[in-house]
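Protein chains: 2
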Amino acid sequence: MYAAPSIQKLLDELERLPGIGPKSAQRIAYWLLNADNAVATRLSEAIVEVKSAVHSCVRCFNYAEGELCEICASSKRDSSIICVVSEPRDIPPLERTAQYFGLYHVLGGAISPLEGIGPDDLHIAPLLQRLADEDIKEVLLATNPNVEGETTAGYLAGLIKPLGITVTRLASGLPVGGDLEFADEVTIGRAIETRRVL
Amino acid sequence: MYAAPSIQKLLDELERLPGIGPKSAQRIAYWLLNADNAVATRLSEAIVEVKSAVHSCVRCFNYAEGELCEICASSKRDSSIICVVSEPRDIPPLERTAQYFGLYHVLGGAISPLEGIGPDDLHIAPLLQRLADEDIKEVLLATNPNVEGETTAGYLAGLIKPLGITVTRLASGLPVGGDLEFADEVTIGRAIETRRVL
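One line per chain: the protein sequences are A and B, in this order. Reminder that position 118 of the first sequence reads as 118 in this note's numbering, one-by-one numbering, no gaps. Reminder that position 184 of the second sequence reads as 1184 in this note's numbering, one-by-one numbering, no gaps.
Calculated directly from the structure, the hints in this document are not laboratory data. Just so you know, not all the hints are guaranteed correct.
As the list claims (entries may be wrong) - In silico DSSO-like pairs for lysine-lysine, Cα to Cα no more than 30 Å straight-line:
hint, chain 1, residue 1, chain 2, residue 2
1, A, 76, B, 1009
2, A, 137, A, 161
3, A, 9, B, 1161
4, B, 1161, B, 1137
5, A, 9, B, 1009
Throw the hints in and build the complete structure from the sequences for me.
Take a look at the structure:
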């Protein structure tokens, strides 16, 4: 396909991004070519800045700019509960609910024998250390509701319950606003199994 | 929503891009955070480079790195035919067909009384100058098949036909591989109107 070398290079880099195919890459590239220099500069600088400014929170392994992430550093959070997630990207969706005010702990993945990821590859030892050092009353396991996430949650529950700490798990069931007609049988089965008394 | 300041800044910039909503922006931002520094640097540099290296071809107003775009500079193109398009982004889809080997001329928009864009706002005078200076036998009007594009094509046909140059227009009709059942009535009407004898 014809494109000036620098346009082709930008297209190649854009196509690496998740969810960006050739057509989206082309749309974005031509949009940037047409945009103010300032807009392109801001995007370019934001990419460089995020890579230099952001690293792992020393306490919970969330993305952080200081030594601690903004959640660990906040005095407004309930420091008696830790929500365990696989990746930093799982935190924003939980925060958007505005229903959780505790701390987090990022495992950096989930147990997956197929991919050769075992418990030792995750930040589980630092989690147990936190449970020993901090005054934690509850651990909410928020790994994904798939095979790897469930395996990881089961493994962690086995480690943490004996410490006398309440271990909870995000509920599985029908998505709110969803249709029973279009839900898969495993989700409906789980919703029946964990049905609530009204 | 919670995010470290530099992550939020990147999210804001990504959300400006066409076709990128909050969820896509978040997916891309977390992907970049997780990616090698080299990948992020290459993307950032490609954005800066494209803005500094690319400007308008002095002849056809396509994007160019040198004085002339690669198409105008090529000796392999048929210089007796000019394809007129609205924007530089319309050229790659035409090139991908590998069925057009002539030159291009980018108008920089289309006539749109509603948006206050008249013929004087487009690169029409330079097109007429090219028709006077170069040995052009055919002008293929490839503006979009919508109201603005048709208006622009009609206007240009009125100017160019009296010069004794063949003026053609991209065919409208059913998309190849499409279903008659799902085509809109205007497209089907046009396909009937411009039906071919077999």
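### Hints violated by the structure (numbers, ascending)
3
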